[in-house]
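> Assemble the complex: chain A is given as a structure, and chain B must be docked to it using the hints.
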Amino acid sequence: MTDDIFFAGIADLNERLRKKEFSTVELVRAFAERLAKFGPRYNALALSLTEVAVKRAKEVDDEFKRDRLRGPLQGIPFGAKDLLAFAGHPTTWGAKPYAAQVLDDTATVLKKLDKTGSVLIGKLSMVELAGGGGYRTAAASLFGPGLNPWDVTCWSGGSSSGSGSAVAAGLVPFALGSETSGSIITPSAFCGVTGLRPTYGLVSRHGAMALSWTMDKVGPMCRSAEDCGLVLQTIAGSDSKDPGSADKSFYYTPQYSRQFSDLKIGFAPDDMGWADAAARPAFQAAMQVVRDTGVQFVEVSLPDLPYGPMADVIIGAEEASVFETLISGGKVNDLADPSQAAALRANLEIPATEYLKAMRIRSLLKQKFRELFAGVDVLIAPARYQTAPKITEPLDGPDPVPIPVPSSPGMRGLIQAGNLAGIPALSLPCGFAGNLPVALQLAGPAFTENTLLALGREFQNRTDWHKRRPPLLS
Amino acid sequence: MNGKITRRQLAGVATGSAVVALGVVKVIAQAPAAGLDFDKAARESHRENSGTLAKFEIPMSLEPAFQFKA
Chain A
653 MTDDIFFAGI
663 ADLNERLRKK
673 EFSTVELVRA
683 FAERLAKFGP
693 RYNALALSLT
703 EVAVKRAKEV
713 DDEFKRDRLR
723 GPLQGIPFGA
733 KDLLAFAGHP
743 TTWGAKPYAA
753 QVLDDTATVL
763 KKLDKTGSVL
773 IGKLSMVELA
783 GGGGYRTAAA
793 SLFGPGLNPW
803 DVTCWSGGSS
813 SGSGSAVAAG
823 LVPFALGSET
833 SGSIITPSAF
843 CGVTGLRPTY
853 GLVSRHGAMA
863 LSWTMDKVGP
873 MCRSAEDCGL
883 VLQTIAGSDS
893 KDPGSADKSF
903 YYTPQYSRQF
913 SDLKIGFAPD
923 DMGWADAAAR
933 PAFQAAMQVV
943 RDTGVQFVEV
953 SLPDLPYGPM
963 ADVIIGAEEA
973 SVFETLISGG
983 KVNDLADPSQ
993 AAALRANLEI
1003 PATEYLKAMR
1013 IRSLLKQKFR
1023 ELFAGVDVLI
1033 APARYQTAPK
1043 ITEPLDGPDP
1053 VPIPVPSSPG
1063 MRGLIQAGNL
1073 AGIPALSLPC
1083 GFAGNLPVAL
1093 QLAGPAFTEN
1103 TLLALGREFQ
1113 NRTDWHKRRP
1123 PLLS
Chain B
545 MNGKITRRQL
555 AGVATGSAVV
565 ALGVVKVIAQ
575 APAAGLDFDK
585 AARESHRENS
595 GTLAKFEIPM
605 SLEPAFQFKA
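Here the protein sequences come in this chain order: A and B. Note that my numbering gives residue 1056 to position 404 of the first sequence, counting from 1, and the numbers run on in steps of one. Note that my numbering gives residue 576 to position 32 of the second sequence, counting from 1, and the numbers run on in steps of one.
In silico lysine-lysine, DSBU-like type, Cα no more than 35 Å apart, as pairs:
{"hint": "1", "chain 1": "A", "residue 1": "Lys-983", "chain 2": "B", "residue 2": "Lys-584"}
{"hint": "2", "chain 1": "B", "residue 1": "Lys-599", "chain 2": "A", "residue 2": "Lys-1018"}
{"hint": "3", "chain 1": "A", "residue 1": "Lys-1042", "chain 2": "A", "residue 2": "Lys-983"}
{"hint": "4", "chain 1": "A", "residue 1": "Lys-1018", "chain 2": "B", "residue 2": "Lys-584"}
{"hint": "5", "chain 1": "A", "residue 1": "Lys-748", "chain 2": "A", "residue 2": "Lys-689"}
Here are a few chain A residues that sit away from chain B, every Cβ distance over 12 Å (derived from the structure):
{"hint": "6", "residue": "Lys-710"}
{"hint": "7", "residue": "Thr-758"}
{"hint": "8", "residue": "Asp-766"}
{"hint": "9", "residue": "Pro-921"}
{"hint": "10", "residue": "Pro-933"}
{"hint": "11", "residue": "Ala-937"}
{"hint": "12", "residue": "Met-939"}
{"hint": "13", "residue": "Glu-976"}
{"hint": "14", "residue": "Ala-1026"}
Note that these hints are calculated values from the structure, not bench results. Glycine residues also receive a C-beta, built at the ideal position from the N, C-alpha and C atoms.
With the rest of the complex left out, here is chain A (with noise of 0.2 Å):
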């Protein structure tokens, strides 16, 4: 086996498998190795699983030996944020009181995976409680702070880091990660992998740590849109344990999607003053490859809504009533990040009224975005305005280099508004500001996985972004 197979995608895997190139035994163990070497310097690794996962893929191969074919994903190891239970395993949640945690069922997504024959090669680190209360330092983990396959020197981004950096690295073909608000986006923009946030109640959260009822969501992040799709196609459909489940299916059928002359793409110009001058160049370029696709560019705005103390006030009251014995018996001062705790003891004294007040603008925040939608089918901007920071700056710090900004804020508010629409969301790695990826976002009404796909694949197939390789440490 060559390098190249640690960066091929899906489809190529699973045809070379069918081809007998090698077998789910060897791609298994070759992956599961690489993970165990060079995950724990990125401090991507939370738990390895090779032996579990070798086993499984013996019952694999005598499948594909016996032509029981369960599609484009059997044989395919994969990693998992450690927020998705394993059955007798360890799961952490990233968090030092959690670090001994056994449970005794297995997350529905891990099981739908299994089922199709895709292999668990290890669970991945994240953020110490999916960043519950909100975090200032890259370091907020029980893994240590996630590092940049591209600059080790710089975060992998949150919560979702180890799934971003495996990725990047070519440790997993395709990872689990979560979003509450950014934890899927963020890392993928960094690191450079393409992750897809799946509309609210898509992909079931049963099994996962819950941070806030009406926010968490499960989603791939991978190679390409294309092993989104495939990914999101096995992991979507309705499950009775998770009460948010939206009782949808998704079929990846991008063959079907909407010719692309006829989709209107909202953009905000302002949103390139936001952006960092070195990445300006790449988003730019970037928008005229998704112009040249044939779609029509139409100028919008956010609707002005006070999206940061909504996500605020929500998510917070929603962790503090999660994490309340926690907080209250303690224990949440052995996490990793002082602020961290702080935030949510406080949080156990937001009022319910301001709960529900927070809830109520919500709905409006629902109608205005069917009403911006009612002349648009796709919102586009950058995933991050920034590159990765560096692991050894405050994340709540201020910028390096202040410099004038714009007169609107842009899209800059999309990533918690999308959340808080439960709107589904595409980060497509667009370029480089210096050795750094950059991304661009795009976001569509509920249930339009397919556009978006469709439209991130074609962006894909008309650049090779996806398929930079970071250096590997030696």
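Just chain B, lined up with the frame of chain A:
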């Protein structure tokens, strides 16, 4: 532009927020450096959120997004 205000801080103002959205990273007001009081900063952040939401007028008939579905 006021040279003391950073783009990142202004972005927070522009979205009516103290949140930068690095995951769920919060910009805690007057972010404490070493030795400062994180509890006080967290409470101050709450007060700011509370003030912003209180000023936002909504019709009495508007119901909360319970049973949230996208």
